[in-house]
Structures are given as structure tokens and as C-alpha cells.
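Engineer: Please build the complex by placing chains B and C on the supplied structure of chain A, with the hints as guidance.
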Amino acid sequence: MRRSMKLAAVLTAGILTLAACGGDSDNDAKDDGGSDAPKSDIKVGMAYDVGGRGDQSFNDSAAAGLDEAAKEFGIEAQESEAEDGEAETAREERLRTFADAGYNPVIAVGFAYAASVGKVAAEYPDTNFAIIDDESLADVPNVASLVFSEEQGSFLVGAAAALKTKTGTVGFIGGVETPLIQKFEAGYKAGVEAAKPGTKVESTYLTQIPDFSGFADPAKGKTAAQGMFDNGADVVYHAAGGSGGGVFEAASEAKGMAIGVDSDQYNTADPSVQDVIITSMLKNVNVAVHEYLAGVVDGKVPAGVTRYDLKADGVGYSTSGGKVDDIAEQLDGYKQQIIDGEIEVPTTP
Amino acid sequence: MTSARVIRFLLGLAAPVLALVAAFAITSLVLVAAGDPAGDVWSTILSWPEERNLANIIKNATVLYLSGLAVAFGFRMNLFNIGVDGQYRVAAFTAAVVAGEAWLPGYLNTAFAIVCAMAVGAMWAGIAGVLRATRGVSEVISTIMLNAIATGLVAYLLRKVAVREAGSNDIGTKEIPEGSRIPNISIGDGPTSEIYGFIVIAALAGFLFWFVLNKTRFGFDLRATGQSTTAAVASGISVKKMTVIAMLISGGVAGLVGLPILFGDSYAYGSTFQSGLGFAGIAIALLGRNNPIGIAVGALLFAFLDEQSNPLQILVGVSPDIVAITQGVIVLTVVVSYELVRRYGIRLEQREVARALADHPAEHPADDREVSA
Amino acid sequence: MSSPAPSLETPPSGDAPPAVRLRGIGKRFPGVIANDDVNIDVSRGTIHAIVGENGAGKSTLMKILYGVQPPDSGTIEINGAQVALHSPADAIKAGVGMVFQHFMLADNLTVLENTVLGAERLHGIGGGARAQIRRISEQYGLDIDPDRLVEDLGVGARQRVEILKVLYRGAQIVILDEPTAVLVPHEVDELFGNLRELKAEGLCVIFISHKLDEVLSVADEITVIRRGTTVATVDPQGVSARDLAELMVGSELPSPSTETSTVTDHVLLSVQHLGLPVPTGRALLDDITFDIHRGEVLGIAGVEGNGQAELVEAIMGMRPGTTGTISLDGRDITHESTRERREGGVGYIPEDRHRHGLLLDSPLWENRVLGHQGRPPSSRHGLIDKRAARADTERIIAEYDVRTPGPDVLARALSGGNQQKLIVGREMSSEPVLLIAAHPTRGVDVGAQAAIWTHIKNARREGLAVLLISADLDELIGLSDRIEVILRGRMVGTFDPASVTPQQLGSAMTGAGPEA
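Taken in sequence, the protein lines are chains A, B and C. Residues in the first sequence are numbered consecutively from 1, following our numbering. Residues in the second sequence are numbered consecutively from 1, following our numbering. Residues in the third sequence are numbered consecutively from 1, following our numbering.
Bound conformation, chain A alone:
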């Protein structure tokens, strides 16, 4: 019995194989159809990290930049997103599939693509790649690295938190403890210390690698924030993507304050918690994507490292809601000092 099962399984594989051979010509025909299209048109391949479009975090921000550019320049775009726990080969294959199908440029969202982009860019020298949040490929000619000085923006909201706190305790919630998110924490802490020395900073991360649910779990965010408010914090800054919604809820219930991240969350958060968001640390991934695509459309494909810092307005803080208007002067003072290099913001906590 068992033996015949095995045999059957092998046969099935054979059937699959035969069927696959039959379908081959089909695929070729399709490829031909693709190459008939006018080649002047720019086709953008967008490879998101886990979560993809709709993650209320930096994938979304990148998507916003893409949408804007697509509307403005009339370019065609195709998207694909990473699966949780996928193999390195799957990331590589995503980039290759784009490149093979004539997508150029291909934008990889997230540092997890670093190794894959490095590998595939070498295989497809005529295709341009962009990678967000990584600059280890600075020397590769057909790769543009779009990186951000998250610590600088975080410094400013840290200062805002210190100036706003009445209890002398503020909090930081990171989504997943990675070096990238630690940059947020480091900048925030430095900003707090600069604005009001002696202010206590409570800091926590929702999950550890390889559990990336910390970026998409509002319940975890809420629990962590509740803990901080219970411990006397009254301002909590989150760098936790989709988990931030829970942080805002906790702040609303504790009558505390919260600081958003990536985009101006005062405008995107649920209206019921809008009131607690005093500012957001802006990380303008959309601007970076848009600028990159504008360069491609202009025929001046960017390469090398483009750093989006305070100076380049790649990061910053938001003022919607007017809750930091009273301290804007101080914040802008810090901003200028950072731009001028008088303040060096650390990148590790």
C-alpha cells in the first residue's frame, strides 16, 4: 500500500511536470506580447517588505510616493510584497522577476533587501535599483541608496516630549528591536536629554527578531503604552508602524500625549485619538521615492547614497493640530543646530 502511494506521488510530480511543459509556450507568447509595447514608457517595479501596501508604516509611505509619481509622470507600476519568513531566494527572485519582465527601475523597500539587491544588481547591470534604508551598496553603480537620518527627526520629537512632559517621565516604544529602530530610540533619548536634562525615558520594544509582528500589532502597542502611562510617563513616542494605533488609544484613555512616526499621523489616525497626537516624527519615504522617480523620468537616474536628513527635509516633525506651536521656536533652534553640525545626534542608544 505504502509503496504504491509513493509511486503515485512520484507519478503526480510527473504529471505536473508534463502539464508544465504544455504550458510553456503560453508563457513565451505572453512575454512577446510584453516586449511589443513601446519601450519609452517607464515601468516601475516596487518590492515591498512584509506588510506591503496598507501597513500604515513605511511600506505605505513608499506606496504614497509611488502613487504620487505615477499620477504626475504617468508611469506604469507593478507591486509585490514579501511574505513573512520567506527565503532569501524569494527576495532575490522577486527582484529578478521584475528585471526579467522589463521593469526598470526596481525599488526595494526595506533593509532586508540589501543582500538581494546587491546580488541581483550585479546580474542585471542594465536595470536600475533603489533600496530604502540601506547604504551598504553605495559603490554599486546601478543602485541608489535612499537613507534617512531618523535619529535627527527623533531628536526633535524627543525635545518636544521633554518640553511637554509634566511628570518628568516620557516613553519610547519600538516595534521590533532592530538597529534601524534603535536609531529612533537613540535620537529621541538625546533630544529629551538636551531639552530637559534629568527627564526619565522609559523604553521598550514590542517584539524581537525574527518576530516582526511588533510592527503590526495594536494590542501589543496598547499594552506597552498603558504600562508606561501607569508608570508615570505622560508622553509616549512610538516607532512601531501599525502597532502605533494601540499607543494612541492608550494615550487617549490615560489622558496622556503621544508622538507619531513616519507620516503626519495627526491627519491619518482615528479622529477619536487625534487629540493626543502632539506631533509626529516625519520620515518622508514618499518624498524619497518621488524624487527618485522624478530623476528617472528626467533621464538622470540617481545613484549612490542620497541622505534624507533634516537639512534635506527628509525627516522632521509635524505641527498639525498646533500642539507644539508654543515650543516651535525651541524645536527649530535645535533643528538649526543639528543642520549646522553643532549637535551630533547619536545613532545607537
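Calculated directly from the structure, the hints in this document are not laboratory data. Please note: incorrect hints may appear among the correct ones.
Stated by the list, open to error - Coverage of chain A stretches by chain B, computed from C-beta distances (three or more under 8 Å per stretch; other residues unrestricted):
(1) 108-117
(2) 173-179
(3) 209-218
C-beta: ideal position from N, C-alpha, C; glycine also.
Structural biologist: Chains B and C only, in chain A's frame:
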């Protein structure tokens, strides 16, 4: 008897055919309902993979195969080792550190790292085995908890030993020196058409799995315990001892899961090291009915489906969720149809026994005396 | 579906249709004996016994009548009207109730609560229901207090609660599946008193049993089932137990009697002060001491649940926490594992073959290996020797007449008797010095029973020591050289099977009789 054999052969064939037909039908329905082009989806899935896709499928299947084996070993004794995920991550991390430090030269270093990985995986699983044997703690619960602990432990230790490349946001262990890497095997042209050299070790593990379970007294004890604890006890098997040993071996095999990637691709354990392989292993073990050949087919099917994800998204424009649903449907139909065919086979066998009994001369001469009241 | 309520007014009379009429009932299962052309008439106001061997098809037939399984062919008429019973609910509606062998009562609830459970609509769950229970109890002499907790009731009383549950739901036809199996003699008498009350009230009772003496004493009519079909319906006045038994098996009845004694003075198994204390309560085994000699069969008699299972498991080394010493052929095995004991020459026929004796989903040859993993022909140098194990399985199949197409069939596909023959054959191989046989012929057909007895007798003649535990007193008396009675975990009397009667044993087993 020959006709019975033909029937059995057809039965064996029936399961996968049934599964494929059902999967085809259900998936097409889902696609049509979601407004996706079912025809394009099928022509993409069924198109012959390019050489590099084939290599990817084999590479991923190698890893998944080891995971399936690890889970299946527990299953054969009715132990639900959910913890393969944690075990392989702890083990792969250990191997990465050991191999990265390169205390020994060349392949000695590799061998030592592999042994360390297996030992650590076995130990991690052994905790659950000992808890089960001495305290009756369900291994399902304890291995889930150990997974969580493994996550925290590895993340903590990784930060302790991590090295970080300039400009990268990724952290990882020290790279394994070139002399200790396991060379990949080429199945075509260029570096994209290479498969893991570790596939040899995986195949060996599969053979040992079969040999130990089916040919040795230990394997018999293990399978007997898995089928009926009470009968095992009555036959003189120490169930507690078997529980611990089975968990140790399952964990030891789990220790191998991450190593093809480590020694053949990433050369370091970092924040992007593939996760979730242990859970895929559960599905693959079920799919393969805990049989080493079946697990290989299951692993290939999984790897094949995973490989379809990108083309379906990019070339056909199907949303990733639909791709995941398609994969789930295929796995489910395979499991269900195998079970249906298995049950049918048992009924068939019982009928055969009944027929054989009927063919025998009656035990007592039939003399139905009517006694009237 | 037509399920008319049975008319209560019609008095029992020869002209009225029978309460139950089964015609041509057939039911097929793969590999097991089912029903074929079963014809039975049961009149109102009678106790109708259905007798047959285990596996003859009695249970299947009753499941069909109670709506648990549909028949493949044939018709069921209740009070003259044909009915289709698709579920027990249909059967209850048609006035058929069933009391199963294993009680279905919640211990921590009262009689009232158990009774109304699932029948809340009939008389509510309060005073109305209580009054109704009292009325039924009164009417049929069941002597049941609705407010007692079931856990405080004895076995006999629990059985009456089950009967009451059935009557409460309006049953006019009460099926009792082997009701006496769990009762001691005086409880049996009480039960029969209750059944006669039911009969007097115009109900009809269908009584399933294989205890022929009881059947003869209580039934008005007896239907014999053999191999799934009805072979005779007889009047108990005109037949003897032996006649019935021969009808049941269709041939001369074998008897388990032993010939001349083969007992030697060589002590093979010595059990000294064996105890199994329970921290909170009475010890399961208490100071048990006995010897078994080479060539001796020691029978253990006792009502089920008095420590027999624990005694067997203690001797096999499957029970942790035992006290005292056990030695086998002069060697102290108290601290040896089950495997060491088995390899020391102890064969074991377990009480529950499905739980302890077989791997149901493994082929027969693997079942041959089970319990003998460590020695030839099962294994060699740590490897399973499939060829030798298969060959030896073929030998057992031939010698023990195991009905199977071959050694590669799954154990599950075999009937109970053939499974048991395989187990006996297995345990008799590799020359055991001691055989622990717990109910070795339970649930097997008479032919297999005789074969198993012969094998035990032959082995005994060659010097095998046997510890025989059986609920079948005839088997015990017939096979044993000595019988010990166990009661509440203690040995309470030794009897000589040559002179003891089942009645004497029965009273010793319940603690009523004089100690020998």
C-alpha cells in the same frame, strides 16, 4: 491477488489526482470570485520553471525537507513538536557563532558547527521531552513557550555578538570563513543555478529516518508507542524514556534545518535569517504522511508553491493574499484526499478479510436445528 | 417516517399484533458478523430473552431496534405498524427504550437531574418531574429516591435509575443489554423482580444475555442468534442450559475441564506481601501472597474491579508504587522493568486486547513483534527481522487457526476472536515459563475458546505456570488447579476447583460466603 494489487496501485494514484483536481477546481473558483484571471494564473503556475527557479525550488525544498523530517519524527510517536521553529533558530545561531569563530580549520570547523547545532537543537527539544516525561506537561504547550524563549534568547545573544556592515541596518554573526562553507552544486549555468551541497546531508537524514523507524528495534518501539501508549507499556517499552529520546532526535534533526542556508547562502545568522520554517515543517510532515519520500514530495510542493508567489504577483497581478489562499487550498485538498483514500483503503482491506473468512470452510458444520416452542 | 404512539389500552392477547416484530432484518459490515434474515416476534407483557455468543449479532440487532443503525434490509413493526427508526429519538417516540451495559449517568448529579436531562419537556425539571419519578418508582417497585446523588448509589440502584430513565420517557418496550454482567447474585435477583413488575404492568422487556441460567429463570421466550441470524425461538420450560448453549454454538459444547494434575513442587512465581497503597483511601492491593508452581494453573476469581487488573499490572511491572516482593523462578524481579520481566519468560495475555495487546493499525507480523522486540525471531542485533517475524506469524496463523488472508493484514481488520488467537499464539511462542492470562477467552467464539483452552492445558502439561484471571467461573473451575478469591484488593479464600461450585465461589466473591 493481482487484481487487489492493481486496485491498491490505483488507490495510491487516486489521492494525488483527487487532490490536484479538487485544488484546481476550488482555486479557480476563488480566483474567479476575486476577479483574477484564472487562466493566466494556471498558465503561470504550470509553466515549466526556469533553471534558476528550479534551483530555488530544490534549495528551499532541502530546508523544508529537514524541517518536515524533524516534525515527522515526533509525529511518529504522537509527539507534536511545535517547537522545531525555535529549535532550528537556536541551533542555526549556535552553528553560525561556532563556525564564524572558526576555532577549528576548514571542514573540521563545519563538522563541529553541525554537531553543535544538532546538540543544541536536541537539548532545546529535550527540555520539552523531559517536562513531558517527568511532569506530564504537554509538549505542545512547552514547545510553544520554548519557541518564544528561543526568539528572545537568540535576539539577545545576536545583539551581543553581532557585527554590522557599514551602512547596513542588518546585524548578523561573523561570516563563516570560506574554507568552512559547504560548496553548492551546480545544476546548470551560473551561480543562480546552484543548489545547496547540504542536500546530500538532507538525503542522508531522510534515509536514516526511514532506516531507524522501519528497520530497528528502537524504531519499532517508537512507532508502537505512537500508535498505542498502553500497548507499548504492556509490551515492555518505557514510554517516558522513549518520549525523551524521540524529542532529542526530533530536536537534533531540527538543528539541521537552518544549516543549508547558513553554510550555502547567508554564511551568517542575521536579522533577515529565514524564519517560520518549523511551522512549514508541520504542514509538510502532515502532507508527506510522516514518510521520508512523502515529506520530500511535500517539501517540493511547498517550495514550488512558494516560488510561484512572485510571478503571480508581478506577472499576473494577483494579490499576495489570493496567492496565500491558493497555496492553502492545495495543501488542504492534498491532506483531505489522502485521508479519504486511506479510509477507503482500510474498508477495502476489511472487505478482503471478510471474503477470505467466507472462503474458509465453516468452523462448525452448519446444522440449524429449529426448536419450536 | 411513520412512528405512531403505541396504544396503551389494548390488553395483551393472542390476537393483538406483537409489540415488536422484526422481519428479515439484515445488516452488513465489512469484516464482522452482522445480521442476516433475523425474524423475531415479541409479545406484550412478556420478557423475551435474546441469547447468542459474543459477536453473534445481538448488539447490532438491538442497535437497529433502537435506531442507532439503520438495517440494510427487513422491516420493523411496533404494535402492528411498520416504523422507520433513524435515530434513538425516533425509537423513543415509538416507545422503545434501551438500557446500555455501561451506564450513562452523571455521577455528580441527582437521580432527578439525570432523569430529566434531555427530557426536560416531559414533566419539567422540578416538582412535576419529581412526582412522576416517585410514581414510576412506586408503580414498578424500583425503590428510587429522586433526590439522591448518583455517586452515592450502588450498581444495582444505578441500573434501576437507567430503567427509570427509559420508563420516564414513556417506553413500552425496554431493551436491556447484558444487564447482569455488572451485578452480583443478589442484585440479579432484585433486577429480575423489577423486570417481572414491568411485565405485570403490560410492558415488554427484551433481555440480552449469554448467561443461560439467568435467561432460563426469567424469560418467557428465548430467541437464539447464531452468526447473525435467528436459529430458534424456544420456550424456557422445555430446554436446558446445555440445549441452549448447543443451539448458540451449533455443535457439541466443549468443556474446559483439566485432566490429571501436573503441579510440581518447584515454585515458579512467588508473590509476597504485594500491596498497592492509595494515599487517600483503601489500598487497591493489600498484602497479597501466593505461589504458583511449575505446571500449575492458579485461578483468580472475583467480581470485576476488586484488584485483578492491578494485580496483573503489578506482576507485569506496569504499576508504579507497589510494595512487597515478586520473584520469578527464584530470582527477585521486584525492581525489574516490564521488558526485563517479559524477557525473563513471562507471557502476557492482557484483559483489554485493543488497549494493551495490539497495534490495531499495524500488520499482523508487527503485532507478532510487539512485546517480543528484543529476541529472535522478532529482532536480531537491534534490527527488526521482518522475514523471521513474518514466518513466525505464518506459523501462529496456522497453529492457532487465525482467520486472515495473511500476515500483512492490519490487526484492525480481524475479528475479536482472531485477534485474541493471534495474541495467545504470540505469548505462547518463545517458550514462556509463566503465563499471565487475563480473561483469555473473553469475546471469542466457542471454537476459538476451545482452542485457547487446549493450548493452555498443553503448555501447563509441559511445565508452564499460569495465572488465570477470568469472570467466567466455569472456565476458572475447569482450568485451574487452585482458585484464589480476590475481594477489595485482598485474597479472601482458597478453593479446590474439584469440589467448589460456582455458587460457593459467587458468595465468596461478594464477601457473603464462608471463607475456605
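Engineer: Evaluate each hint against the coordinates.
Structural biologist: Hint check:
no.	hint	verdict
1	108-117	holds (count 4)
2	173-179	holds (count 3)
3	209-218	holds (count 3)
Hint compliance for this structure: every hint is met.
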